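Student: In case you want the letters, here they are:
Number of protein chains: 2
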Amino acid sequence: MVDKFRVIEGGGEKRDMAQTMLELGREARRASRELAIAPRQRKNTALVVAAGLLRTSVADILAANARDMEAARTAGASKANLDRLMLNEARVESMARGLEDIAALPDPVGRVSATFDRPNGLKIERVATPLGVIGVIYESRPNVTADAGALCLKAGNAAILRGGSDSFHTSAIIHACLVEGLRTAGLPDHAIIRVPTRDRAAVGEMLKGLDGNIDVIVPRGGKSLVARVQEEARVPVFAHLEGIVHIFVDAAADLEKAKTIVLNAKMRRTGVCGAAETLLVDQAVAKTHLAPLVTMLLEAGCDVRGDAQTQQVDSRVKEATEQDWRTEYLDAIISVKVVNGLQEAMDHIATYGSNHTDCIITENARAAEIFLAQVGSAIVMHNASTQFADGGEFGFGGEIGIATGRMHARGPVGLEQLCSFNYRVHGNGQTRPG
Amino acid sequence: MVDKFRVIEGGGEKRDMAQTMLELGREARRASRELAIAPRQRKNTALVVAAGLLRTSVADILAANARDMEAARTAGASKANLDRLMLNEARVESMARGLEDIAALPDPVGRVSATFDRPNGLKIERVATPLGVIGVIYESRPNVTADAGALCLKAGNAAILRGGSDSFHTSAIIHACLVEGLRTAGLPDHAIIRVPTRDRAAVGEMLKGLDGNIDVIVPRGGKSLVARVQEEARVPVFAHLEGIVHIFVDAAADLEKAKTIVLNAKMRRTGVCGAAETLLVDQAVAKTHLAPLVTMLLEAGCDVRGDAQTQQVDSRVKEATEQDWRTEYLDAIISVKVVNGLQEAMDHIATYGSNHTDCIITENARAAEIFLAQVGSAIVMHNASTQFADGGEFGFGGEIGIATGRMHARGPVGLEQLCSFNYRVHGNGQTRPG
Chain A
176 MVDKFRVIEG GGEKRDMAQT MLELGREARR ASRELAIAPR QRKNTALVVA
226 AGLLRTSVAD ILAANARDME AARTAGASKA NLDRLMLNEA RVESMARGLE
276 DIAALPDPVG RVSATFDRPN GLKIERVATP LGVIGVIYES RPNVTADAGA
326 LCLKAGNAAI LRGGSDSFHT SAIIHACLVE GLRTAGLPDH AIIRVPTRDR
376 AAVGEMLKGL DGNIDVIVPR GGKSLVARVQ EEARVPVFAH LEGIVHIFVD
426 AAADLEKAKT IVLNAKMRRT GVCGAAETLL VDQAVAKTHL APLVTMLLEA
476 GCDVRGDAQT QQVDSRVKEA TEQDWRTEYL DAIISVKVVN GLQEAMDHIA
526 TYGSNHTDCI ITENARAAEI FLAQVGSAIV MHNASTQFAD GGEFGFGGEI
576 GIATGRMHAR GPVGLEQLCS FNYRVHGNGQ TRPG
Chain B
176 MVDKFRVIEG GGEKRDMAQT MLELGREARR ASRELAIAPR QRKNTALVVA
226 AGLLRTSVAD ILAANARDME AARTAGASKA NLDRLMLNEA RVESMARGLE
276 DIAALPDPVG RVSATFDRPN GLKIERVATP LGVIGVIYES RPNVTADAGA
326 LCLKAGNAAI LRGGSDSFHT SAIIHACLVE GLRTAGLPDH AIIRVPTRDR
376 AAVGEMLKGL DGNIDVIVPR GGKSLVARVQ EEARVPVFAH LEGIVHIFVD
426 AAADLEKAKT IVLNAKMRRT GVCGAAETLL VDQAVAKTHL APLVTMLLEA
476 GCDVRGDAQT QQVDSRVKEA TEQDWRTEYL DAIISVKVVN GLQEAMDHIA
526 TYGSNHTDCI ITENARAAEI FLAQVGSAIV MHNASTQFAD GGEFGFGGEI
576 GIATGRMHAR GPVGLEQLCS FNYRVHGNGQ TRPG
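Protein chains in written order, with our numbering: chain A, 176 to 609; chain B, 176 to 609.
Think of the hints as simulated: they come from the structure by calculation, not from any bench.
Model, not experiment: these values are computed from the prediction.
It is possible that part of the hints are untrue.
Remember, identical chains collapse to one label, so a pair may be satisfied in a single copy or spanning two.
Said to hold, decoys possible - Within a straight-line C-alpha distance of at most 25 Å, the following computed DSS-like cross-link-like pairs (lysine-lysine) qualify: (1) K383 <-> K398; (2) K434 <-> K298; (3) K432 <-> K398; (4) K432 <-> K298; (5) K432 <-> K254; (6) K383 <-> K298; (7) K432 <-> K383; (8) K383 <-> K462; (9) K298 <-> K398.
Construct the complete structure from the given sequences, taking the supplied hints into account.
Tutor: Written out as structure tokens, the structure is:
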């Protein structure tokens with residue numbers, strides 16, 4: 176099945192690449208115009224048909240994946256990378272079910288988010304519209320091809336997907352299933368475009384915006400990818416560079432609650448962006464709370480790096496350097512610091528945080544209120560695990576990523592955030608005086 | 176009074192300018208942190224006190240304005256520019272009342288725009304927060320100093336205002352009144368910063384974002400200013416380059432309604448961005464509607480440029496060239512074209528429009544529905560004058576401009592659009608399974 180996909184493996188001149196990408200951008204824009212007015216049923220049909228095709232193509236998908244895995248192993252990919260790249264029947268089934276779940280979500284396009292009834296009889300509605308064309312740049316996970324393509328489509332957007340070289344053949348087949356779904360539903364092929372080359376110059380072209388034909392870029396991958404995208408993109412980006420997630424154990428924290436939450440926030444999965452990286456403990460409860468928390472973490476297999484006071488708790492605690500407060504470990508490591516009260520905790524977060532997710536543990540409602548109002552991160556929590564930082568857990572039905580910018584989309588980026596809006600003014604002949 | 180303002184008139188080395196601007200950016204960021212948590216009463220006090228100071232300083236303001244007017248006249252400014260620059264007692268009073276009106280608006284910060292109650296008991300709120308630091312770059316109108324500064328402040332944002340050289344001394348005094356209001360209310364001086372130099376390099380520094388210390392730029396002025404800002408800015412911009420506003424007279428349009436609306440939309444004020452520039456008439460009603468509309472416009476003193484069919488209506492109609500369909504006249508000139516039905520009208524708008532404001536006149540509800548859903552402009556209207564494209568008319572209580580981008584803010588940019596948001600998660604010990 177693989178051979179039927181026309182694959183451009185790069186090697187052409189740079190100008191050809193730029194031209195090819197520009198043409199893809201124009202095709203995406205054309206498709207986005209059709210999608211913007213496509214009946215919701217067609218979009219859902221495309222997703223459900225694609226889900227069925229993923230299931231019936233599982234042998235082809237796994238064969239392509241084996242080819243990608245072999246190449247990645249030969250190239251010396253890390254175990255973590257190989258795990259991200261690897262598909263099996265369960266993962267393909269999960270991808271197919273993901274498409275069906277997105278099909279079942281309410282259509283975000285056309286939702287009225289505000290109404291203004293004016294004294295002169297004008298009725299003004301603010302209505303969700305698609306954003307346009309979304310560029311997605313990702314690394315080895317081939318499932319992003321299905322997830323991101325489906326979320327963009329559901330919100331009426333055309334997508335230009337540029338996956339990692341590692342997953343080249345796997346993504347090609349997943350993409351073919353999506354395109355077949357589009358065709359069956361009578362939607363344009365170019366509604367979901369896969370960049371058909373491994374040439375990295377394609378990414379550079381996307382970051383320039385393809386002559387106004389990409390409205391927003393979503394990078395999905397490690398810090399170096401996100402940093403490059405944020406640095407070079409000439410179009411808006413939905414992303415977070417890192418999640419330096421704090422938990423502040425306030426003077427009025429319940430110890431048992433703190434232990435449960437901290438353990439889950441740090442250790443449930445250490446590699447996700449909502450995993451806690453720094454624990455701040457109020458001096459007022461350091462005597463009672465610090466040692467139990469630190470011991471619990473050490474016994475759970477977590478490496479603890481602390482300030483002077485924390486190091487006195489247990490000889491296994493290493494010294495935390497200035498760099499530790501700035502580090503997203505994404506591993507079973509935590510930095511721990513004793514602070515003098517709520518304000519010092521918030522100052523620490525303002526200095527070292529990444530505006531992703533931060534949490535206060537307290538039974539003092541006023542302290543919680545201040546923390547939630549004054550810590551400006553995209554997600555602020557009271558008495559809950561920071562690992563809830565996820566669009567699915569928020570009830571968004573899925574997310575294309577988590578954003579820490581202040582414009583348009585923040586926190587989990589779901590269907591609603593993949594939309595723009597316009598104002599629709601209903602009159603009966605009104606003219607403006609004066 | 177003028178002498179008490181320390182005025183840097185440029186001339187320093189370029190590096191000094193960059194340093195000065197960077198320092199202003201840092202001050203603005205610091206002030207924005209204080210503003211973000213400032214009680215609403217303080218912000219309102221600052222505005223009301225500043226309004227009073229504008230009134231008591233009217234003699235100083237008019238003296239400074241006379242100085243600016245004299246310099247502008249000497250420099251050969253156009254009559255339109257001189258009118259924009261000119262203040263009198265009524266205009267100062269209107270500025271003062273504008274500040275009081277903004278003080279009286281509901282505080283946008285803290286508004287809960289969505290709530291998600293999760294099955295696990297988590298209660299998630301999406302709450303409006305300030306955007307941060309807003310850079311405003313404007314031309315000769317000195318009232319923008321007061322309006323823009325006040326809107327930014329009300330939404331909890333620090334503002335960096337860079338007015339035109341023309342209004343240099345006038346803006347300095349208006350700004351001094353705002354700063355005195357801030358001081359009286361116990362808010363930081365740097366909440367509203369005025370760039371204290373005429374050196375144009377300051378604009379370039381602002382467009383680079385002052386090392387991450389400007390979150391969004393709002394240009395207020397003519398097309399060349401907006402074009403430069405959109406081209407060079409490395410931070411998000413709220414703006415519209417031009418308003419090529421269309422009115423489509425559908426096959427089911429009521430002629431009297433069409434006449435009333437078209438006349439108002441074109442001629443009420445020809446220099447505003449919501450003024451109509453192109454009239455499209457459905458071939459199906461050309462016989463009955465075209466001549467009366469064209470004659471009405473000609474008799475109102477409007478220059479009409481039409482396609483072949485429109486030229487046959489009246490010998491005073493000039494030929495419309497390809498360039499006319501792309502032109503925002505901002506004057507008593509209109510281009511007129513006969514189209515074959517709704518789809519051709521929408522195609523014309525897609526090709527030549529500027530995504531600002533477009534209107535359909537029809538008694539056919541289905542045609543209106545299609546037009547409003549498929550024309551993707553920031554504002555789409557049915558049976559109402561396009562001159563309603565204004566935040567005040569929308570009930571926003573004021574606007575800092577009108578935006579045509581697809582991200583974050585579109586249409587009139589009022590207090591709500593000058594805010595960002597975050598998610599506040601209220602738990603009672605929830606941890607995430609799995």
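Student: Decide, hint by hint, whether the structure agrees.
Tutor: Here's how the hints hold up against the structure:
Within a single copy, K383 and K398 get their C-alpha atoms as close as 20 Å, and across copies as close as 23 Å, so both meet the 25 Å cut-off. Taking CA atoms no more than 25 Å apart as the test, K434 paired with K298 passes between copies only; the shortest distance there is 21 Å, against 53 Å inside one copy. In this assembly of identical chains, K432 and K398 lie within 25 Å of each other by CA distance neither inside one copy nor across copies; the values are 32 Å within and 58 Å between. Taking CA atoms no more than 25 Å apart as the test, K432 paired with K298 passes between copies only; the shortest distance there is 17 Å, against 50 Å inside one copy.
For the homomeric pair K432 and K254, neither the shortest alpha-carbon distance inside one copy (35 Å) nor that between copies (71 Å) is at most 25 Å. In this assembly of identical chains, the alpha carbons of K383 and K298 never lie at most 25 Å apart, being 39 Å within a copy and 40 Å across copies at closest. Taking CA atoms no more than 25 Å apart as the test, K432 paired with K383 passes in neither setting, with 48 Å inside one copy and 46 Å between copies. In this assembly of identical chains, K383 and K462 lie within 25 Å of each other by CA distance neither inside one copy nor across copies; the values are 55 Å within and 49 Å between.
Neither within a single protomer nor between protomers do K298 and K398 lie at most 25 Å apart by alpha-carbon distance, with minima of 46 Å and 31 Å respectively.
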